[in-house]
Each structure stands twice: as C-alpha cells, then as structure tokens.
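Make the full structure from the sequences, and use the hints.
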Amino acid sequence: MGKALDLFEKEEFYKCLQCAICTGSCPVARVVERFNPREIILRYILYGEEDEVLGMKEIWNCATCHACQERCPHNITISGLLTHIQNLAAKKGNLPDTMKAAMTLMAETGWSIQATPRSDRVRTELGLAPLKRPDTAEIRKIFKEAGLDEILDLK
Amino acid sequence: MADEDKITAGGEVEEPRIGVYVCHCGLNIGGSVDCEALALDASKLEDVVVSEAQLYTCSEPGQERIKSDIEKHNLNRIVVAACSPRMHEPTFRQCVQDAGLNPYLLEMANIREHCSWVHLHDRASATEKSKDLVRMAVSRARLLEPQEEIDIPVKQKALVIGGGVAGIQAALDLADSGYEVVLVEKEPSIGGRMAQIDKTFPTMDCSICILAPKMSEAGRHPNIELMTLTEVVNISGYVGNFNVTVKRKARYVTEDCSACSECSKACPQLSPNEFDIGLATRGAIYIPFAQAVPSKYLIDMESCLNRNGVRVCEKCVEACERKCIDFNTVDREECFDVGTIVVCTGVDVFDAREIPQYLYGKAPNVITSLEFERLINAGGPTGGNLIRPSDGNIPKTVAFIQCIGSRSEKTNPYCSNVCCMNTIKDALLIKEHWPETEIKVFYIDIRAFGKGFEDLFQRAKKEGVQFIRGLPGEVIELKNGNLRLLGEMTLLNKLYEIEAEMVVLSIGLKPSIGSEVIRKFLTLSITSGGFFMVAHPKLRPVDTATRGVFLAGCSEGPKDIKEAVTQASAAAARANIIMRRGKVTVEAITPRVNRDLCSGCGACVKVCPYQAIHLDSDKKAVVVEAACAGCGTCGAECSFTAIEMRHFTDDQILAQIDAFTEHEAEKKILAFCCNWCSYAGADFAGIGRMQYSSEVRIIRTMCSGRVSTAFIEHAFARGIGMVLLSGCHIGDCHYIDANTHAEKRFNKTRRIMRQAELDPSRLELVWVSAAEGQRFQEKINSMSKKLKTIPSEEIKSAMKYFGDLERKRLEKLRRGASDVNA
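Protein chains in written order, with this note's numbering: chain A, 1 to 155; chain B, 1 to 822.
None of these hints come from the bench; they were simulated from the model. Heads up, some of the hints might be wrong.
[Said to hold, decoys possible] For lysine to aspartate or glutamate, the following EDC-like pairs were computed, each having C-alpha atoms within a straight-line distance of at most 20 Å:
{"id": "1", "chain 1": "B", "residue 1": "K494", "chain 2": "A", "residue 2": "E33"}
{"id": "2", "chain 1": "A", "residue 1": "K15", "chain 2": "B", "residue 2": "E477"}
{"id": "3", "chain 1": "B", "residue 1": "K494", "chain 2": "A", "residue 2": "E145"}
[Claimed, not checked] Which stretches of chain B does chain A cover? Using the computed rule of at least three CB atoms under 8 Å from a CB of chain A, they are:
{"id": "4", "segment": "405-411"}
{"id": "5", "segment": "470-477"}
Heads up, the beta-carbon is just placed ideally off N, CA and C, and yes, glycines get one too.
Okay, structure coming up:
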C-alpha cells in the first residue's frame with residue numbers, strides 16, 4: 001500500500017463507501033475536470049493504482065481547504081492523503097514547474113514573492129525601513145529536514 | 001469445611017466409590033493417548049473402585065456399562081475421561097440419573113479437545129497429561145455433592161413495555177394464549193411509528209388501516225390492561241416474579257370521554273402537534289390522532305392556561321356535555337407483579353439538523369421522510385397534498401437524499417434498514433398522485449433485500465424515478481425556495497448541479513430515548529449502535545441475557561413492520577414457554593451463604609452483575625436464586641469464605657490444583673478457563689487440531705469472575721510454573737461484566753508479585769472467544785517457551801512467599817471463625 005499509509009490508520013480508508021460527498025463538496029473539482037477526491041481514494045487505496053495516481057498532474061490542484069475531510073461521514077483524512085500523495089509524487093519527479101520555482105525562490109531569498117527594487121524605493125518614499133532579508137540558511141535547513149533536498153537543488 | 005464423607009440425599013454418611021471410564025473415542029483419543037495405561041493409573045487412586053477403558057463411552061453399550069456398574073459396584077461418583085463436557089455432560093448426566101444417581105455426581109475429564117487432539121505427535125506427553133487430568137477429575141469427584149435444582153413459581157402475567165406494532169402484537173399473542181398482559185405506553189395512544197406513516201412497503205397498504213384493527217383489539221381484549229400516558233419507574237425482582245412500578249400520568253379527562261371534539265374546538269391555546277411532527281397545531285386539550293386508542297382526549301398541562309394551578313380558563317369544561325374534564329387529576333403510581341417482560345421501546349428518528357449542510361431547519365422546503373409521511377397522508381395536516389412549506393405549491397421536482405444520519409461515524413454507524421425501501425415507496429406514492437413529477441433519488445447503495453422489495457424497486461424505476469449514485473456535498477437554497485444540489489454521479493464520473501423544488505431527507509433511526517431507563521432496571525446490554533443486545537445473535541434472537549426478559553421490534557435494532565411483528569410473536573412464544581411451565585428451574589450452581597462467617601461487608605453485593613445478592617436486615621448476605629446466573633464472582637470476592645459456590649466450590653477447585661501439582665509442578669501451567677468463551681476456545685483449538693505444548697492443565701469454571709486470588713496464591717504456593725487466567729473478551733462476558741473482576745484480581749496479584757520481587761510475568765491473562773482457538777494455541781505456546789526459562793530459585797521464592805501468605809490468611813480466618821463460635 002505504499003509508505004503513504006504508514007502515516008494513517010490503515011483501516012480508515014477501507015471505510016470509504018464511495019458516497020462522493022467529498023467530491024460533491026470540493027471547490028476545486030467544480031473547475032478542474034480530472035480532480036476528484038473520491039476517485040483518488042478509489043484508485044490509490046482501494047484499487048492499488050498508485051503509479052497512475054502519482055503521475056497525475058491534477059493532484060497539485062488540491063486547495064487544502066479540508067471541506068472533503070470535514071464532510072466525510074467516516075472522518076477519513078482525505079486532505080491528509082492528498083498532501084502525502086503530493087509528497088510522494090514530487091519525489092518521483094511529478095512536481096509542477098511553478099511550484100518548483102516558488103520553492104527554489106524561497107530557499108534562495110527567503111521569500112515566496114520576491115521584493116523588487118521598486119518596492120524598496122516605495123518603502124523609502126513612505127518612510128518605511130528597508131525589508132529585512134530573512135535567514136535563508138535556516139530556511140534551507142528546514143527544507144532539508146523536510147526532505148526537499150531530494151527534489152530541489154539546495155546549495 | 002468439607003471432608004471426604006458425603007451425605008446422601010437420604011442423610012447417611014457415605015464414602016466415595018468412584019467409577020472411572022476412559023473413552024478411546026475410536027482413534028480420536030486412542031490414537032494419541034494410551035487409554036489402557038490411563039485406566040490402570042486411575043485404578044490405583046484412592047476411592048476408585050472401577051476403572052476401565054471403552055471404545056465409545058457415549059454409545060448405548062458404553063452407557064449401559066456405566067449404569068450396570070453403578071448398581072453392581074454401588075458406585076456413587078462417576079468420572080468419564082473423554083470429550084469436552086460441553087459436548088456430552090448432559091448425555092452422561094442423564095445416564096447416571098437413569099441409574100438412580102444425582103446428575104451432579106458426574107465429572108468429566110477433557111482428554112480429547114484439550115489433550116489427544118492437540119498433542120497428536122507426542123503420545124508419551126499426551127498420556128502423562130491425561131493422567132493428570134483424570135487425577136484432577138477424581139479429586140473433584142470425591143468432593144461433589146448431590147444437588148437439587150429448585151423450582152421458582154412463575155406469575156401468569158406479562159408486561160409489555162411499548163405500544164407500537166411490536167408491543168401490540170406481543171400483547172395480543174400473549175393475551176390470546178390466556179395470560180394477563182399489562183401493556184404500558186408512554187404516549188397518550190398506542191400505535192407508535194406505524195400509526196404515523198402513510199403506506200407500507202412493499203404492499204402499499206394503508207398503514208393505519210391495517211394497524212387500527214389491532215390497536216382496537218388490544219384496547220378491548222379482556223386479558224390486556226392498557227396503560228397509556230404511563231411510564232415505568234422501577235422494575236425489581238427476577239424471572240417469574242418481577243415487581244413493576246409505573247407512573248400513570250394525569251390525563252385530566254375521565255373515562256366518560258366520547259371523543260366528540262367539542263372541547264378542543266373551544267380551546268384557545270395552540271401548540272405544535274407532535275403526531276404531525278409540528279406540521280400542524282392542536283389545542284391544549286386534544287386527541288393525538290383520529291384513530292387513537294384509547295379514544296380519549298387529554299390535556300397537555302404545559303400549554304393549558306391553567307398550568308399554574310389557578311383556574312383561569314374553563315372553555316373546555318363548558319363545552320363538554322359529558323362533564324368528563326377533571327383538572328384535579330394527579331399523577332399516581334401503581335405496582336404490580338409479572339412473570340415475564342417484553343421490551344418494545346421502539347425508535348426515535350435522527351435529527352437532521354446535525355448535518356447542517358443539508359439545510360434542514362433553515363430551508364423550509366427541505367423536509368424529513370417522517371414529515372413527508374404526514375404530508376402525503378390523507379388524514380394528515382394537508383389532506384394528503386404534498387405541498388412545499390414555503391408557498392403551498394405541489395413540487396414538480398423532488399429529490400430524496402439517502403443515508404441521512406446513518407452509515408456514518410459522525411452520526412450513527414449502522415444502516416437504518418428501512419430508508420431505501422421507504423424512499424422507493426414514497427417515490428411511487430408521489431407518482432401515483434402527481435405522475436408528472438420528476439423524482440431523483442441520491443444514494444450510496446439501494447438495499448432492497450426483503451420479500452417483494454426488489455419488485456418494488458423495479459416498479460419505481462419503471463415509473464421513471466431516477467436513481468443517482470452519489471450524495472450531494474452541498475445544498476444551496478435559491479430565492480424561489482428551490483434547492484440546488486451539488487455532487488458527483490459516481491457511475492458516470494461526472495459532477496452534477498441539480499435543482500429540485502423539494503428535498504426529502506431519508507433520516508435514520510435511533511434507539512428511543514426512554515430505553516436507557518429500562519436498560520438500567522433490567523441490566524440489559526446494548527450494542528455499539530445503542531440498541532438492546534440479544535442473548536445470541538443467531539440462536540436466541542429475541543431473548544436477552546436476563547432471564548424472562550425478551551425484545552421485539554426496533555428496540556433490538558432498526559427494522560420494518562414485518563420483522564417487528566415476527567419478532568413480537570417470537571418473543572411472545574418465548575415468554576409463553578416460561579409462563580406455561582409455571583415454574584423456572586434454577587441450575588444448582590448458585591451460592592450458599594454461611595451466615596456465621598458472613599461479616600456483612602457487602603463486597604459480594606457490589607460485584608454481582610445481576611443484583612442477585614444483597615444484605616438483609618441482619619446485614620447478612622442473602623441470595624435471590626432466580627436472579628442468580630451462577631457466575632461465582634461473589635464467591636471469589638468474599639474474603640471471609642462465607643460464600644460456597646455450589647458445584648464449583650473452593651475445595652473442589654483447590655483439590656484439582658493439588659492433584660496435578662503433586663509431581664513436577666514447576667514444569668506445568670495452570671489455566672483457568674470460563675465455560676462460555678475461553679474453555680470453548682480451547683475446545684475449538686482441539687477441533688481444529690491446533691497443536692500446542694503439553695504443559696497446560698485446564699480448570700473449568702462457569703466464569704473467569706469465579707477465579708479468586710486465593711486460587712492463584714495456592715497454585716504458586718504449590719510450586720506451579722505459570723498461571724493463566726482466561727475468559728470472555730471485555731464487553732462479551734456471558735455474565736455481563738463479571739470478567740472485569742477477574743482482570744482486577746489479575747492486576748492485584750501481579751502488583752503483589754512485583755512488590756515481593758517475584759516475576760509477575762509468570763501470571764498471565766488472555767481474553768479468548770469461543771472462535772479464537774488459534775489465540776489460545778499461541779498463548780500456550782508462548783507461555784511454554786517462557787516456562788522453560790524460569791529459574792528454580794524463582795519457583796522456590798514464590799512457593800515460600802505465597803505459602804506464607806496463604807497460611808496467614810487461613811490462620812486469620814480460623815481465628816475469626818472461632819471468635820464467631822465462641
């Protein structure tokens with residue numbers, strides 16, 4: 001069943017009745033055609049189609065809003081499963097470029113949105129102190145602890 | 001205490017003359033145990049007069065041999081070394097009884113399930129173990145006493161709690177059989193849920209039409225005393241003799257009421273009508289529904305203007321021609337005795353407000369299936385028009401959402417059994433009246449399992465009802481009162497956005513609120529869903545663990561009318577068996593209290609699962625035979641040895657321990673097994689030929705609660721290697737919760753061992769069900785491994801420590817007894 005399930009109560013997922021309340025509550029499913037929490041549980045857990053699911057790009061569309069988990073009649077940790085699938089998928093190379101870029105930026109600058117020279121200038125005009133540069137060494141340490149050095153190039 | 005001379009029923013002192021019969025059971029035993037050697041070994045034991053091996057002891061010739069030996073050799077105790085007593089104890093008891101011996105003078109040694117079948121490849125060890133088992137049996141046999149089973153008279157009257165269709169059916173069956181029946185119902189009328197629904201599935205009968213004749217019959221049956229607006233406030237006693245106290249709530253309307261309805265027309269007050277689930281109103285004086293039995297009005301004092309005791313309004317009195325309104329009525333209590341009880345407390349429904357996203361209670365056009373019943377019912381608040389509460393229009397599209405409050409850890413984990421069929425029926429009713437209506441049923445599964453159910457399901461689909469797999473995640477209320485349902489059609493892997501003018505939530509069933517009170521009085525167990533538990537789910541489906549108390553209808557679990565009526569008749573039949581006999585026989589394994597030794601400490605009272613032992617006015621323990629199930633927990637709890645458990649006495653158990661600890665006790669394991677679970681589990685291991693190590697010797701008690709710390713101490717004092725306590729799983733104890741006391745004693749003894757710097761892991765506890773043969777096998781094998789590593793110093797230290805402990809305890813008791821006698 002894969003390492004994913006080491007973190008969860010295995011029995012929990014087998015309780016899934018495929019009732020589709022999760023997909024019915026999912027805001028992302030409304031707009032991304034192939035994103036379907038119910039189907040992900042069916043294929044990944046119940047049918048064992050791990051590789052296929054880990055290769056889907058749609059898994060990255062999960063908004064982690066937790067509506068599925070909140071509404072699931074059996075309190076199944078669907079959101080948690082999605083996160084873990086994302087982690088495993090990233091290790092297998094299934095990581096969108098945009099996300100990779102954002103994470104790299106964070107490792108290099110400490111910011112997810114980069115401050116530009118213009119923002120520095122506007123700050124001075126407004127009488128605000130310059131932005132402090134975050135301690136990227138600590139951020140890179142945290143990333144390494146989380147295992148992100150397997151998918152990013154952390155100098 | 002007992003010595004070896006036994007008093008016969010006739011009063012003469014006799015010496016035990018024991019006959020030992022070793023059965024080959026073909027090759028079942030003979031194949032791995034040397035039966036001849038066993039018989040020879042037994043013949044050398046004291047008091048054994050006859051000892052022989054036979055091929056099939058349970059067969060005609062085998063039994064005849066025993067009977068003729070009893071006569072020829074004047075035998076007064078019989079030991080049969082053969083299969084499990086759970087197999088043939090009744091057979092051999094009957095056999096010795098036929099020969100004129102008291103049936104309690106028989107002992108069996110289990111050398112098949114517990115020996116020959118589990119040590120198939122070690123004839124020498126199996127034979128040695130069998131010798132020990134026979135010695136144990138002979139030691140016990142010496143101390144067996146003839147027992148008389150007592151008969152308790154049974155009152156020829158039954159109590160039925162709950163007047164729904166199950167209660168009505170049970171009451172009618174019992175009344176028709178000739179018994180007096182008291183039918184108690186907390187509502188002002190009988191009828192229950194069935195009176196509220198419109199049509200029944202799968203026949204599409206009018207529900208109240210088929211129920212009303214039964215209600216009427218129950219109301220006028222000469223053998224049925226109908227007590228409505230009445231609640232049970234206490235039940236004590238035991239099978240054959242239950243003492244019941246009920247509170248008859250004030251109706252404020254006398255028997256003369258003819259239900260003319262003038263009073264309610266005059267009443268200025270308005271309240272939600274409970275029968276119509278608040279969809280209609282009623283006055284403070286009202287009749288619950290037109291077909292109510294008894295057909296009498298009543299006053300709801302909470303809404304009456306006179307509720308504070310001051311007479312401010314008398315409009316109903318003025319309107320009443322028969323002058324049958326009496327504001328001076330008060331609640332009163334009544335007591336009566338019955339022989340048997342049938343519990344039919346029924347169900348309440350799930351409150352859909354617990355699932356807020358379905359907007360029940362917020363959007364007016366979201367209703368429950370029960371409210372639907374009242375709307376579509378011709379006798380209901382809208383004359384049978386299914387109207388939208390928001391604007392009174394008949395909806396052109398109706399959506400049903402299934403499994404509301406059921407099959408969910410968040411609400412009720414079980415399936416409520418009837419909702420699928422109920423929705424199918426509802427859909428057909430709508431189509432019947434308004435064929436153009438679009439109906440969609442949102443489901444997870446459709447359960448159409450009963451007779452005629454599949455046909456009804458097909459009919460619904462043929463009528464154009466759409467079944468969509470996939471419950472909505474979201475329900476949105478639109479400005480015009482319509483509802484938009486968002487979800488996924490799982491069979492098409494496609495999302496849906498479906499608009500409906502009305503949504504019906506198919507709500508689940510829950511155990512009725514009043515049942516908790518009844519549960520306490522009758523010491524009933526409940527299952528995880530909160531419904532009452534039966535004695536055995538397959539073989540005793542309407543009995544409870546409490547003798548004389550039966551279940552019927554939804555009190556036992558959600559079910560449809562057919563199943564409820566079936567159970568009700570079954571319960572009535574079971575109650576009839578007890579009442580027809582006129583007496584109940586109590587198996588002679590109940591306790592005897594020695595009043596001289598009883599200190600009145602009340603420890604026994606606290607542990608009895610049946611409240612069958614209590615202190616009398618002299619502060620001495622007294623046993624209620626009929627309520628006692630014979631678990632032995634009181635006997636084990638008593639530290640003054642004042643309680644003797646008949647047929648499972650302390651001496652008999654200690655003698656069995658002594659018998660096999662004569663030689664090489666340190667190489668042996670003593671296992672206590674309970675009759676219902678772990679002994680059966682060990683039997684099951686034998687039946688399955690699960691092999692395990694041969695060090696274990698099993699002593700059977702009825703319950704693990706029978707095992708006292710004194711037995712364990714004695715075993716260690718004798719130098720035993722290891723001790724195993726085993727019984728039913730917690731929650732499954734045949735005697736409700738007696739096994740929790742075994743656990744307490746186990747923990748206590750382990751603590752003592754730790755404090756004495758002994759090895760506490762020499763004492764083990766395992767819960768083994770009757771199906772867990774493998775669990776028993778694994779436990780014995782692991783204990784046997786550990787056994788081999790116990791150093792002899794540890795054995796000796798334990799012998800000394802527990803020997804001293806036992807000596808001190810016995811000395812204290814002797815002094816206490818002599819104080820009493822002085």
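Legend entry - Proximity test - 8 Å, beta-carbon atoms, the segment 470-477 of chain B to chain A, at least three hits: With 5 residues closer than 8 Å to chain A, the segment 470-477 of chain B meets the three-residue bar; holds.
Legend entry - Pairwise hint evaluation, E33/A against K494/B, where the allowed Cα distance is 20 Å at most: 9 Å, holds
Legend entry - Holds or violated: K15/A to E477/B, with C-alpha atoms at most 20 Å apart: 31 Å, violated
Legend entry - Proposed proximity, E145/A with K494/B (alpha carbon, max 20 Å): 40 Å, violated
Legend entry - Verdict on chain A covering the segment 405-411 of chain B, where coverage means 3 or more residues with a C-beta closer than 8 Å: holds (count 5)
In the structure shown, a violation is registered for the earlier hints numbered 2, 3, in ascending order.
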